[in-house]
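> Which chain is which? The protein sequence lines are H and Y, in order.
In terms of the numbering used here, the numbers along the first sequence are unbroken and rise by one, the last being 212.
In terms of the numbering used here, the numbers along the second sequence are unbroken and rise by one, the last being 83.
In short, the hints are calculated from the structure, not lab data.
Note that CB positions come from ideal geometry on N, CA and C, so glycine has one too.
Since no wrong hints were added, every one of them can be taken at face value.
With the C-beta cut set under 7 Å, the calculated list includes, among others, these residues of chain Y facing chain H:
no., residue
1, Q18
2, A24
3, R54
4, V56
5, V57
6, A60
7, C61
8, P64
9, C65
10, L69
11, R70
12, L73
13, I76
14, C77
15, C80
Interface residues of chain H toward chain Y, partial, derived using beta-carbon atoms under 7 Å:
no., residue
16, A49
17, A75
18, F78
19, L144
Far from chain H, by Cβ distances over 12 Å, these chain Y residues were calculated:
no., residue
20, E8
21, V27
22, H36
23, A38
24, V39
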Amino acid sequence: MECPTLVAQADRSAADWYPRSVSDDAADQPDPAVDPARLAFDEEALALADDVWRVARRLARDYQAAEDLVQEAYARAFRSWRSYESGTNLRAWLLRILHNLAIDNARKQQRAPEQLGLEADDYYLYERLGGNPIADVDVLVERLSPGPVLDALAELSLPFREVVVLVDLGDLSYQEAADVLEIPVGTVMSRLHRGRRVLKRALADHAEEGTA
Amino acid sequence: MSTQARPEPCLQAERCMQAYVDRALSVEEVRTVEEHLAVCPTCAKCYSFEAGMRTVVRQACDEPCPDSLRAQLKKICADCDCE
Chain H
1 MECPTLVAQA DRSAADWYPR SVSDDAADQP DPAVDPARLA FDEEALALAD
51 DVWRVARRLA RDYQAAEDLV QEAYARAFRS WRSYESGTNL RAWLLRILHN
101 LAIDNARKQQ RAPEQLGLEA DDYYLYERLG GNPIADVDVL VERLSPGPVL
151 DALAELSLPF REVVVLVDLG DLSYQEAADV LEIPVGTVMS RLHRGRRVLK
201 RALADHAEEG TA
Chain Y
1 MSTQARPEPC LQAERCMQAY VDRALSVEEV RTVEEHLAVC PTCAKCYSFE
51 AGMRTVVRQA CDEPCPDSLR AQLKKICADC DCE
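Please work from the sequences and hints to get the whole structure.
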């Protein structure tokens, strides 16, 4: 019972010591713990943790880096929650923060630029997996097990991986992904297209190795 | 190039494939694509495969946020000195 009293006294003496303007400003700020808008934001943001995590896992180099990335993104989101416009897509807003942090990290690591140059057509994997004459699509899809899919995704360089991940895992529309990445919609579509082609080629290689 | 051997309607369908699977086409465009798919089993199978690819990617990445991290996020939220 004594501790709260002591704390209150310490606060009072601190308030006396600080310049008046500082303590006045602090008193004017609504307590975030009771601000209904803040509470709603917190609840909605935390409910999206699975979505943010899934995207982060594919953007970060490993598990620990993904944890750090999500924590950093949420810390930034909570700090700047007032800049979120209520009623807009909070998932897209959070993923934009995540993207910016991932880009910063990638720059620090100075990753090599993507080597693409693949122009296999869209039926590439389908055909290589035995699609002609028409095979059972479900069987083909079954052959694409999670491990190789994750490996193939990890092999994609960040600009292409981000688009695939934001659209396929983050459930963003082309326009929302374009807003997050600050690139034109056409660039989203072309990166998505090329990113998926690279994925298909990698998966076809894997499937052939598996059956060789 | 295997694309050269395919008839024009199939090539058109291929150009729309990504946006179709991502549900980014207009109602009219969807109708055009679906009319072709209804009469072209090869393209229909390929579309199914493309859609299946998305499912495979989603399933491979379906990993919930770990409880420890979720707890950490709540702590960050509680400790945040927001602007």
